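*Asks:* Heads up: the protein sequence lines correspond to chains E and Y, in order. Sequential numbering of the first sequence, starting at 14, is according to this note's numbering. Sequential numbering of the second sequence, starting at 3, is according to this note's numbering.
Simulated from the structure, these hints should not be mistaken for lab results. If you're wondering where the values come from, they're calculated on a predicted model, not measured in any experiment. For every residue, glycine included, the Cβ atom is placed at its ideal position computed from N, Cα and C. Watch out, some of these pointers could steer you wrong.
Unchecked claim - Just the calculated beta-carbon pair ranges, DEER-fashion:
hint	chain 1	residue 1	chain 2	residue 2	range
1	Y	Lys410	E	Asp180	49 to 59 Å
2	Y	Ala43	E	Leu95	39 to 49 Å
3	E	Pro55	Y	Lys96	56 to 66 Å
4	Y	Trp284	E	Asp180	23 to 33 Å
5	Y	Lys96	E	Pro127	49 to 59 Å
6	E	Ala143	Y	Leu260	37 to 47 Å
7	E	Pro127	Y	Asp353	46 to 56 Å
8	E	Asn178	Y	Glu427	30 to 40 Å
9	Y	Gly343	E	Asp147	40 to 50 Å
10	Y	Thr63	E	Asp180	55 to 65 Å
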Amino acid sequence: MRRAVLHHGAAVLAGLLAIVAASQGAIAGGIEVLVLDRDGQPVPEVAVYARASGSSGSAAAEAGAPSVSGPELVATMNQHELAFDPHILVVETGTLIDFPNEDQVRHHVYSFSPVKRFNFSVDSGSIHEALRFDEAGVVTLGCNIHDDMLAYIVVVDTPHFTMTNGDGIAELPELAPGRYELEIWTPRVASKHLPDAVVVDVQADRNVGHEFRFDANLYRAHRHSETSLVWSDY
Amino acid sequence: MRIAPLAGLAILTAQTAAAELSDNHELTVALDWSLTDASSALGAWTDGRFGKLRYDSNGSTAETTRLALEYKGQIAPALFAHAVLDYVDDAIVKAGLTEAYLEWRPLPSGSNRHRYRFGAFYPAFSLENSGLAWESPYSRSFSAVNAWLGEEIRPVGAEWQLGRPIGPEGSPHELGASVGFFYGNDPAGTLLFWRGWSVHDRQTRLNERLPLAPLTLSGPAGPFTVERKLDPIAEIDDRPGFYAGGEWSYARKARLSLAFYDNRADPNAFRDGQWAWGTRFWHLGAQVLLPGDVGLVVQRMRGDTDWLIFVTSQGTTTPMTALATDEFDASFVLLSKVFGGRHRLSLRRDDFDLWRPGQLEVDHGDAATVAYGYTINPKLELRLEWLEIDSTRDIWPMFYGQTTRRQKESLAQIGFRLVLFDSTE
């Protein structure tokens, strides 16, 4: 599966900064998150993000955060085998997202989410000009030609974000010491059942852990195709 | 082999078409070929006999071919044209369109998704016929319910469909609704009554005339036989019919649908050799992915049809003419599972009834089908199928003698399905 380019970029950048930071003796900390469902089972593909307390803008405005101004924030939402890939994409506000169509058919991508409304056609094998996502919130994507296509772009106003892995674990490394608001998001519960944001104190040179547990049953994860049941939309 | 020149022609046509295709045109062509061993003492209904099977190979093996061509074109950003062409080698007219319609898909501006269809199409009743060109991905034959939909139900009109998620955002619960108004389908019920329920994969093409078993009548000069043809899609009384339905679905793991259909035909109406039959039914469908990734599909249909008995095929009545109401009820349960990604095993049990309350058991029986598909590669599937229909009809003794009131008909088939061309791959 392809991930947001930004994700890798940020990780690499953070890693480099860590080396620099370590050599200079200024020590960053980190947050380790475990997300569990009501029954204590790990939940993969949950967006996890932390905002430095008091900051409301993006990276550049955030006190103490390493500056990432300069290179443009970019990410990719593919269309592949009549599905969006990834199903959930987390980006920082201001990110440019492009929409390459790897299928042999045209797609007509749309969003009617208040955060960003748009629609455009993408011919097979081509890329739609990147769109900038400036406002934080969740953007639900659909395709007007293929009703089964569904994806979410989670736009967060912080450079510190990631997704839980198959073990329900997510790490936000290389955070400047300080107070952070930690939040998670998944489409698999109603927003009223999403856990409240928690305040986490990050201290130098150590990882602080936090466990989120849903108090409601999760909807089943979206799967594009079924092996034993064939659906038709007519 | 008869299919060689046909397949060659299809490939050539497809390759020529491929060069012309762009994103505005999608084309898929598939060939279904099989060797069939079918046995029925009543003959095949497609030969104008009373049997329930599409084939009667008289103890030997018959070679059968179907070629399906599905086209989808984008005329404007939200407007699409659909056409399905069907070629079968056991019909009088071998090729024809089964569906042809325009679909308008306005861009959603909120949670509601509106879809409109105009033309000739299948209403979205079947949960079994989800493949290319209304084929079943589970077996070559269709259940009795869907075989009949494929024969006599093909609205020519307009349909509105609404789909929307329900519940809080992110909820995978969806509700759907559809309403259609149509012309045509006025003789629907004729083939069902005269032949009874059937299990097969033959779809009526638009403007096709199907053979009906000949009727032997007594006249002044002794008994005489009337050869009959049925045009199930004909409009006879110029009264539009309608259908309406609702559906709930959950994350493509489960769905439940209910619909009502009424062709609103006037049984006193006659045109071009066809009498109208006033046919109504309720349809219930359910589809669930069971634990162990076993797919379950259930459909049930119950309704009735009003028609005039003892009328002539010239459109005149006789002293014995009367209005009859026959009731029907059919259902099936289908279980299907894919093993190792390539092997699909499907089991289906059909139950069907057709009766005139208090007077006549027109058709009563059941059918069992076992189908196995082996996907050799994404384009080629090997298919094996066996089915048996066990039925009792009061009408058979009138034509075949007292011993034939109950019949067992069976079919064994081996074949393959080959995607000759797919512009979307």
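*Asks:* State for each hint whether it applies.
*Replies:* Hint-by-hint comparison with the structure:
1. In this structure the hint that Lys410(Y) and Asp180(E) lie 49 to 59 Å apart at CB holds, the actual value being about 57 Å.
2. Against the hinted window of 39 to 49 Å, the Cβ-Cβ separation of Ala43(Y) and Leu95(E) comes to about 48 Å, which satisfies the hint.
3. Taken as a hint, the range 56 to 66 Å holds for the pair Pro55(E) and Lys96(Y), whose Cβ atoms sit roughly 58 Å apart.
4. Taking the beta carbon of each, Trp284(Y) and Asp180(E) are about 49 Å apart, not inside 23 to 33 Å as hinted.
5. Against the hinted window of 49 to 59 Å, the Cβ-Cβ separation of Lys96(Y) and Pro127(E) comes to about 55 Å, which satisfies the hint.
6. The beta-carbon spacing between Ala143(E) and Leu260(Y), approximately 45 Å, falls within the hinted interval of 37 to 47 Å.
7. Between Pro127(E) and Asp353(Y) the CB atoms are about 51 Å apart, so this pair conforms to the stated range of 46 to 56 Å.
8. Checked against the hint of 30 to 40 Å, the pair Asn178(E) and Glu427(Y) passes, with Cβ atoms roughly 32 Å apart.
9. The beta-carbon spacing between Gly343(Y) and Asp147(E), approximately 43 Å, falls within the hinted interval of 40 to 50 Å.
10. In this structure the hint that Thr63(Y) and Asp180(E) lie 55 to 65 Å apart at CB holds, the actual value being about 56 Å.
Figure legend: structure checked against the earlier numbered hints; the only hint not met is number 4.
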